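J.: As a plain string of letters, each chain reads:
Number of protein chains: 2
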Amino acid sequence: MFGAQGRAVHQCDRGWAPVFLDREQSISLMSVGFLLEKPDEAVVWRGPKKNALIKQFVSDVAWGELDYLVVDTPPGTSDEHMATIEALRPYQPLGALVVTTPQAVSVGDVRRELTFCRKTGVRVMGVVENMSGFTCPHCTECTSVFSRGGGEELARLAGVPFLGSVPLDPELTRSLEEGHDFIREFPGSPTFAALTSIARRILDATPTCLP
Amino acid sequence: MFGAQGRAVHQCDRGWAPVFLDREQSISLMSVGFLLEKPDEAVVWRGPKKNALIKQFVSDVAWGELDYLVVDTPPGTSDEHMATIEALRPYQPLGALVVTTPQAVSVGDVRRELTFCRKTGVRVMGVVENMSGFTCPHCTECTSVFSRGGGEELARLAGVPFLGSVPLDPELTRSLEEGHDFIREFPGSPTFAALTSIARRILDATPTCLP
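For the record, the sequence lines run as chains A and B. Just so it is clear: in the first sequence, position 47 is 46 by numbering that gives the first Met the number 0, and no numbers are missing. Just so it is clear: in the second sequence, position 2 is 1 by numbering that gives the first Met the number 0, and no numbers are missing.
Simulated from the structure, these hints should not be mistaken for laboratory data. Don't take each hint at face value.
Same chains, same label: a pair holds when it works inside one copy or across any pair of copies.
[To be verified] Simulated crosslink set (DSBU-like; lysine-lysine; CA at most 35 Å straight-line):
1) Lys37 with Lys118
2) Lys37 with Lys54
3) Lys49 with Lys118
4) Lys49 with Lys37
5) Lys48 with Lys118
6) Lys118 with Lys54
Predicted model only: the values in this text are computed from it and were never measured.
Take the sequences, apply the hints, and build the full model.
T.: What follows is the structure, given as structure tokens:
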């Protein structure tokens, strides 16, 4: 999604140097994908090996000074999530951003993730609903492809903020596929407005030195 | 999705009795969901505990005589997948049915799953593409919401059969949410035709005693 396929991680004197997306080093990435010799290689790792690598990604990467560290986890409540929480606990993470799609099957999974956050003492910053309806580019009518309102209802039941909905947008997918900058190409789109509003609500709710 | 929430697993003299969906016991289910006291409870289990339960689901459930045993796994190539393959190996499973969505990010993950199948000696029965375009119910124009053709291309590259595409269909979601029988209510829909064709191709390609 960042167009960083094929980039490699190098060793520097302070640890692994992350992959930088720009000269200003404003976004740096680390992923198991950068450590594989072939991109098709299956990462056939059991829990303990995954846990060890997650720990290393926090402690052995020369992150430098960061405003935000975002960890994108798989769905669920298993090894990866426990390892991430354990590795980050000394740094007092701001919390978990919980993403669901609107339909009941996804909301059911995410309810268990909220219980997991409560059990492990992780603050929930809020719920985001993804794939929230599709506006037909031909007739501009909007259809709820995957049911409706699941994210907002979940946030209400869990007593956490609902941060907003991101629609299904073929232009977003196309930008990611083709390596274009969606933000520069579609600044007037409803999807961009939705993403910006969610980001703004997160920034407003978190203590930070950023403007 | 089967409307089996709240059903419980009982102990019988041959082991755990699965949850039966109908009187004829034509579909029986087993899920960790049936074993939880509260549906919101997070299953905070590390690999070894998950592996043990998967093994039990194969060996300790009184499945009776089955035509097909379908195991729905999470995405990826980790503990659950290795445990499933190990538990089923003595029964010579027919193979893996690999499901992707059309966009590159999903296809990339699924390529690694195909490598995993090769490494672990599991035959790939074929690739199915899910969320393959959306036909607007207002104007009947079809849009590729998530890119296009990723599943077919992947099957071609991996040299495995491409079994078909399932469109995004709000009626399917609604049926699952509201507990209706999609097959009875929408037998003329393109989604039903797509699902039937995929099932038929799988049946045709597998040795079976079914008609």
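J.: Each of the hints needs a verdict: does it hold here or not?
T.: Against the structure, the hints:
Taking CA atoms no more than 35 Å apart as the test, Lys37 paired with Lys118 passes between copies only; the shortest distance there is 14 Å, against 38 Å inside one copy. For the homomeric pair Lys37 and Lys54, the shortest alpha-carbon distances inside one copy (23 Å) and between copies (32 Å) are both at most 35 Å. In this homomeric assembly, Lys49 and Lys118 come within 35 Å of each other (Cα to Cα) both inside a single copy, at 22 Å, and across copies, at 19 Å. Proximity of Lys49 and Lys37 under a CA criterion of 35 Å is satisfied in both settings, with 18 Å inside one chain copy and 29 Å between copies.
Proximity of Lys48 to Lys118 under the C-alpha cut-off of 35 Å is found in both arrangements, the shortest distances being 24 Å within a copy and 18 Å between copies. Proximity of Lys118 and Lys54 under a CA criterion of 35 Å is satisfied in both settings, with 21 Å inside one chain copy and 27 Å between copies.
Of the numbered hints listed earlier, not one is contradicted by the structure.
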